[in-house]
Amino acid sequence: MKLQLAYDLGTYQGLIEFIDQIDEQIDIIEIGTPLILREGISKLERVKNKFPEKTIFADLKIMDAGKLEAEIGFQAGADIVSVLGLASSKTVSGAKKSATKFGGKIMIDMINHHDPANQWFEYKKMGMDFVCLHTAHDDAISGVDSFEKYKMFHKIHDGNNLSLAGGVNPKKILK
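Going by my numbering, the sequence shown runs without a break in its numbering and finishes at 175.
These are calculated hints, taken from the structure and not from any lab test.
Among the hints, a few may not be true.
[Claimed, not checked] 30 Å max Cα-Cα, derived DSS-like pairs, lysine-lysine: (1) LYS54 to LYS43; (2) LYS90 to LYS50; (3) LYS125 to LYS67; (4) LYS105 to LYS54; (5) LYS43 to LYS151; (6) LYS50 to LYS105; (7) LYS125 to LYS43; (8) LYS48 to LYS90.
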């Protein structure tokens, strides 16, 4: 199991200062969508240069122009980029082409997908690398429990290459 730190708020400089303090404890640095929107994707390169041994995940939430948008993420230094599970198969396969070209990986984010377990079968056939069962922030703060979706998913698929997002906290993990 690998530990991923999601950093959504603040600045790239704040992220670098924070990672300096906990560098040994984490494996994957997730640059969250709000940070990318606020400060841009190009600053991601600073994080990769500072922590070259860490896996850098750019949560781009790609929904269209998969090849182009994934390429932008990989050129900025991302090792993994996210594509929404609701995107068209052409968008997803385009992103995978960029991942292959740059030696990167694709995380399929199943946020708001009605049947992530069955959809994951298709995406695995397409060569996708990781899946994220993601409860939307707006749903998580109103009490939607992402662990129920995880339990159903885990019955069908193994837990490998799976991440959870939204409403995850230490109490829920200990359940």
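Hint-by-hint comparison with the structure:
no. : hint            : result
1   : LYS54 to LYS43  : holds, 16 Å
2   : LYS90 to LYS50  : violated, 34 Å
3   : LYS125 to LYS67 : holds, 18 Å
4   : LYS105 to LYS54 : holds, 14 Å
5   : LYS43 to LYS151 : violated, 37 Å
6   : LYS50 to LYS105 : holds, 21 Å
7   : LYS125 to LYS43 : violated, 33 Å
8   : LYS48 to LYS90  : holds, 29 Å
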